[in-house]
Amino acid sequence: GQNIDQPTEMTATEGAIVQINCTYQTSGFNGLFWYQQHAGEAPTFLSYNVLDGLEEKGRFSSFLSRSKGYSYLLLKELQMKDSASYLCAVGSNYQLIWGAGTKLIIKP
Amino acid sequence: ETGVTQSPTHLIKTRGQQVTLRCSSQSGHNTVSWYQQALGQGPQFIFQYYREEENGRGNFPPRFSGLQFPNYSSELNVNALELDDSALYLCASTHSGGGGNEQFFGPGTRLTVL
Numbered sequence: 010g011q012n013i014d015q016p017t018e019m020t021a022t023e024g025a026i027v028q029i030n031c032t033y034q035t036s037g038f039n040g041l042f043w044y045q046q047h048a049g050e051a052p053t054f055l056s057y058n059v060l061d062g063l064e065e066k067g068r069f070s071s072f073l074s075r076s077k078g079y080s081y082l083l084l085k086e087l088q089m090k091d092s093a094s095y096l097c098a099v100g101s102n103y104q105l106i107w108g109a110g111t112k113l114i115i116k117p
Numbered sequence: 008e009t010g011v012t013q014s015p016t017h018l019i020k021t022r023g024q025q026v027t028l029r030c031s032s033q034s035g036h037n038t039v040s041w042y043q044q045a046l047g048q049g050p051q052f053i054f055q056y057y058r059e060e061e062n063g064r065g066n067f068p069p070r071f072s073g074l075q076f077p078n079y080s081s082e083l084n085v086n087a088l089e090l091d092d093s094a095l096y097l098c099a100s101t102h103s104g105g106g107g108n109e110q111f112f113g114p115g116t117r118l119t120v121l
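Protein sequence lines, in the order shown, are assigned to chains A and B. Position 26 of the first sequence, counting from 1, maps to 35 under my numbering, and the rest follow consecutively. Position 46 of the second sequence, counting from 1, maps to 53 under my numbering, and the rest follow consecutively.
I should point out that these hints are in silico values taken from the structure, not numbers from a laboratory. Just so we're clear, the structure is a prediction, and the values are computed from it rather than from any experiment. Heads up, a few of these hints could be off.
Covered stretches of chain B (in silico footprint by chain A; criterion: 3 or more residues with CB under 8 Å from a CB of chain A, positions within the stretch not fixed) [as the list claims (entries may be wrong)]:
1. 48 to 54
2. 60 to 66
3. 110 to 117
C-beta atoms are modelled at their ideal positions from N, C-alpha and C, and glycine is treated no differently.
The task is simple: from the sequences and hints, build the whole structure.
Put into structure tokens, the structure is as follows:
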């Protein structure tokens, strides 16, 4: 079967660092995506990993280990506007397979 | 903004009715994917259209159907609506078929079935 797991909810403090993990088992792999989704809005693209290692983009970084079926999204210098759901998705054949999302709550 | 537009923004229907949702893809994109997202869940893949042909389909019944037009805009049709069809319907476009390219999402259509 195809399965993507990520924590349901996480809480962090403004200015801190948080790591959101994602594990996956899919029949195909064309890369791993992270999207941010604010309540009631469409997902917006954050990062894409197709090779093992760390991709850094400003305050956000994403890591991939294909042999372990594992990725994480690292958010630094958290801001209140980072409160959102973070969705892990795997490109498999012709579609994106999505996790249920991790709701990130930022406290002052 | 991604350049992908969807209409309508919100829609209320009753059980048994039919609905058509529309999507205009980003300029230069020839592939459109449709997703259903229930509250608190990740999006579920419905189907993908590439150059006017269905390129793949998820685990949705035949009453979910679609079209893609020569200008690469697309429609999602749902017949015999059920209460569980209440969800956010997302359209995403990309520049070629497959699952390895960044998909650009429209704002979604919120469908409520009463």
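> Against chain A, does the stretch 110 to 117 of chain B show at least 3 residues with beta-carbon separation below 8 Å?
Replying inline: holds (count 7)
>> Is the listed coverage of the stretch 48 to 54 of chain B by chain A valid when you require three or more residues with a beta carbon under 8 Å from a beta carbon of that chain?
In response: holds (count 5)
> How does the coverage statement for the stretch 60 to 66 of chain B fare against chain A, requiring three or more residues with Cβ below 8 Å from a Cβ of that chain?
Replying inline: holds (count 3)
When the structure is compared with the earlier hints, no violation turns up for any of them.
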